[in-house]
Amino acid sequence: MNDGGRQSPGPAARPARSGGELVPAAGSAPAAAHEEYSPGLQYQRIALVDLLDRLLAGGVVVSGEVRLAIADVDLVTISLRALIASASSVAAHGGEEGSP
Amino acid sequence: MADDSGVWMYAVAESMSPERFRDVAGVGGEPVRTIAAGGLAAAVTTVSLAEFGEQALRRNLEDLGWLEKVARIHHEVIEVVGRHGPVLPMRLATIYAGDASAAAMLTQRAEDFSAALRRVTGRAEWGVKIFVSRRTAEAGSSDDDGGGTGGSGPGAAFLRRRRALLAARENAKVAAAADAEQIHLALGGLAVASYARPPQDPQLTGRSEKMVLNGAYLVDQEAAAGFAAAVHRLGTERPDLRVELTGPWPPYSFAVVGDPDESTAGRRGGSGERALGEETAL
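Same order as they appear, the protein sequences are chains A and B. Anchor point for the first sequence: position 60 equals 61 in my numbering, and the numbering is continuous, going up by one each time. Anchor point for the second sequence: position 23 equals 125 in my numbering, and the numbering is continuous, going up by one each time.
Calculated from the structure, these hints are not laboratory results. Be a bit skeptical, because a hint or two may be false.
[To be verified] Stretch-level coverage of chain B by chain A, calculated; a stretch enters the list once three of its residues show a Cβ under 8 angstroms from a Cβ in chain A:
1. 169-182
2. 349-356
[As the list claims (entries may be wrong)] Label pairs and their computed distance ranges (CB to CB):
3. VAL50/A to GLY328/B: 41 to 51 angstroms
4. VAL50/A to ASP106/B: 43 to 53 angstroms
5. ALA258/B to VAL50/A: 41 to 51 angstroms
6. VAL50/A to ALA327/B: 18 to 28 angstroms
7. VAL50/A to GLY255/B: 27 to 37 angstroms
8. HIS186/B to VAL50/A: 21 to 31 angstroms
9. GLU339/B to VAL50/A: 37 to 47 angstroms
10. VAL50/A to PHE260/B: 34 to 44 angstroms
11. ARG220/B to VAL50/A: 30 to 40 angstroms
12. GLU272/B to VAL50/A: 21 to 31 angstroms
13. VAL50/A to GLN284/B: 32 to 42 angstroms
14. VAL50/A to GLY257/B: 41 to 51 angstroms
15. VAL50/A to SER254/B: 18 to 28 angstroms
16. ARG262/B to VAL50/A: 32 to 42 angstroms
Virtual Cβ for every residue (Gly too), placed ideally from N, Cα, C.
Could you build all of it, start to finish, from the sequences and the hints given here?
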């Protein structure tokens, strides 16, 4: 996927910051956005998959830090195992993969 | 600090008042507090190494219940900080030996952190996921079936239908990938930075639909409504795609301190970050 080097073509003169009045503040908003744009899904909370997608692979990693924690790659693979194990037990009913 | 404890770091901001976390229990149950150093503040919790030490962590991360609890607390603390100003989320399970080493890191990287905070100031991350359903492909081929009956027997007709179906599916896949790339570029045009996260595993999404885009976009506050509207429009114009918008998120995908390549394993398109840097004039 090519996402390199793009820049905002937006207007040169930006309006003064509105303080974000147009969109809900962070917090319950992710659930609201889900409801508004994909009515089929009613997340009371952020979907765990979406959360872990970001938490396990996003966020600041400072090199050379005195971390006790494990390497990044491990973090993702280890947790993915837990996720997939749980997802496959849940997905027992949803598997409509009838491909030949 | 006792030898059997560590310091879990949630987030870094310019400053934060400890009272904000009065109602939040940290990971492991201890309170959330702050460490100030290098002109910055970090939200942290003292954790027991019996639960959060390397060995224990390895085990606990495989326990989905444990992982979910910790992930939601981590996220909640980051959101609390983010409500009061720009925030840089730390990667889950960033644990220091003690306050002194956490403070030393802040001091040492203060400039990088401040620059990264400036890049996300007044901006939030939005996620756009696009799924393509198998039905799209099947619908395409059933049209062809109607006209192609001049064959030789039901067996040949069946095979022909089968082939057409498979070909249509393959075409639909290729078309969907091209669509996804175009959409990612277009949405990127409404953002100050964009990042195509690896699509989520169907085992995790729990859907038979294939995820063709898992985009993250750092969007100015004042452009957020327009961004959401564009995504919504896309969903309406393209009933063949399932478009999902999530956010606003803390800038998880854009929390890069120092050299973009050293952070966020697997990140592609570091130049996006550089464009982001140029873009920011504060």
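Assessment of proposed distance window 27 to 37 angstroms (beta carbons of VAL50/A, GLY255/B)
At 48 angstroms between Cβs, range violated.
ASP106/B and VAL50/A - C-beta distance against the hinted 43 to 53 angstroms
34 angstroms Cβ-Cβ, so the 43 to 53 angstroms window is violated.
Is it true that ARG262/B and VAL50/A lie within 32 to 42 angstroms of each other by Cβ?
holds (40 angstroms)
Range first: 30 to 40 angstroms. Now tell me if the beta carbons of ARG220/B and VAL50/A are that far apart.
Holds - the Cβ-Cβ distance for ARG220/B and VAL50/A, about 31 angstroms, lies within 30 to 40 angstroms.
Please test the hint of 34 to 44 angstroms on the beta carbon pair from VAL50/A and PHE260/B.
holds (39 angstroms)
Go ahead and decide if the range 18 to 28 angstroms is satisfied by the Cβ distance of VAL50/A to ALA327/B.
Holds, since VAL50/A and ALA327/B (Cβ atoms, about 26 angstroms apart) stay within the stated range.
In this structure, is the beta-carbon distance linking ALA258/B and VAL50/A contained in 41 to 51 angstroms?
holds (44 angstroms)
C-beta pair HIS186/B, VAL50/A: status relative to the range 21 to 31 angstroms that was hinted
The hinted range 21 to 31 angstroms holds for HIS186/B and VAL50/A, with Cβ atoms some 28 angstroms apart.
Could you tell me whether the CB distance from VAL50/A to SER254/B stays inside 18 to 28 angstroms?
violated (49 angstroms)
Could you tell me whether the CB distance from GLU339/B to VAL50/A stays inside 37 to 47 angstroms?
Between GLU339/B and VAL50/A, where Cβ atoms are some 26 angstroms apart, the hint is violated.
That 32 to 42 angstroms hint for VAL50/A and GLN284/B (C-beta), does it hold up?
violated (25 angstroms)
Count the residues of the segment 169-182 of chain B with a beta-carbon closer than 8 angstroms to any beta-carbon of chain A: does the count reach three?
That given contact holds, which follows from 7 residues of the segment 169-182 of chain B lying within Cβ reach (below 8 angstroms) of chain A.
When the structure is compared with the earlier hints, violations turn up for hints 3, 4, 7, 9, 13 and 15 and for no others.
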